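Student: Numbered by mature numbering (1 follows the signal peptide of the UniProt record, and there is no 0), the letters in the sequence shown go through residues -18 to -1, 1 to 290 in order.
The hints are simulated quantities; they were obtained by calculation from the structure and are not laboratory data.
Check each hint, because a few of them may be wrong.
[Claimed, not checked] Derived pair list, reagent style DSS-like, types lysine-lysine, alpha-carbon separation capped at 27 angstroms:
hint: 1; residue 1: Lys115; residue 2: Lys169
hint: 2; residue 1: Lys105; residue 2: Lys143
hint: 3; residue 1: Lys143; residue 2: Lys101
[As the list claims (entries may be wrong)] Label-pair distances were calculated between CB atoms; the ranges are:
hint: 4; residue 1: Lys194; residue 2: Met89; range: 27 to 33 angstroms
hint: 5; residue 1: Ser99; residue 2: Asp71; range: 27 to 33 angstroms
hint: 6; residue 1: Pro225; residue 2: Lys101; range: 39 to 45 angstroms
hint: 7; residue 1: Lys213; residue 2: Ser157; range: 25 to 31 angstroms
hint: 8; residue 1: Glu224; residue 2: Ile155; range: 34 to 40 angstroms
hint: 9; residue 1: Lys213; residue 2: Ser86; range: 37 to 43 angstroms
hint: 10; residue 1: Glu260; residue 2: Lys115; range: 36 to 42 angstroms
hint: 11; residue 1: Ser112; residue 2: Ser157; range: 43 to 49 angstroms
Note that the structure is a prediction, hence the values are computed from the model and not measured.
We put the CB at the ideal spot given by N, CA and C, even for glycine.
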Amino acid sequence: MRSLLLVLLPSLLALARAAAPAAAVSGKGILAPDSESKQASLTSAGSNAEKETQAATRMVPSSVSFLDKHAVRDSQQELAVCNLYPATDGVLIYLNSQPVNVGSPLMYRNCTLYSTSLKDGDKIDVQLGSELKGTYQVTMVPSAKTVMALAIVRASTADAKIDFKSHVFAGDIESTQLATVDAYVGKGSDSALFVEDPHSYPEDKRRQEALKFDSVAAVTPGKYVIALRQKAADDAKASSGEPLSMAEFEPAAGKMYVVFRTGAGLESGDPGMSADPEVLVFPGAASSTASLSVLLVAAASFLSLLWK
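Take the sequences, apply the hints, and build the full model.
Tutor: Here is the structure:
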């Protein structure tokens, strides 16, 4: 039996290594070459729409992964709608006056992905409670096999109306794309966003690169963390500031991701909901570590049987 163990153990270890997530390469940049200098601004859209509504377009929950731009059906796009408006109630969504999520409001800090066929002039209406309403009019139609991210946000501390931020990912490039959306409003917003490699250095000296809010950049695949750090008076870049929020980030080659800064620091007397600044990554971290743990448990059980 022990000879059988010696034969099978290398195979089990090889399977476990194959399932483990790859760590970032120490000598390799986190952002793709020249990406930092080329981070493009995202689109900020007001909620006023003036064009006539076109024919209704059905929007259905997508069974296709938001990560895989090549899996989207030829005639459709992916639309990721994220509710970043700080409120206890969720939002209802309508496309060209047709209800999309009746009975299932999209709650704060949640995203939903739809497969749809958007046209220039389509209107996406959002309702929060009985009074707050906002309308986003499509003016930049995403091509097939790509993704449009639409964030529902609060306009400002002085204006509680619903506003929007949007980004259409490029569908004709193979690089891993990371869009950053700043949905935080109010006081306490003096913080900076970083993508950091936690594997090469101690936490106080870890390799990091700054991300601009409301921009898009190319990222080298690997295993990182997204950190929101508090700015200090003597550290304009906040590179060593206190982390306010952190999230795992494991970008894969050729995929699309969005990082949000969420929350609201409202003035006393504002009826809106205050929330601490937090990082939200969509889609979230991959569950490849679970596969590894299953393999290790199976291997341990198998070995215990052999030694009996």
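Student: Find the hints from earlier in the document that the structure breaks and name them by number, from lowest to highest.
Tutor: 10
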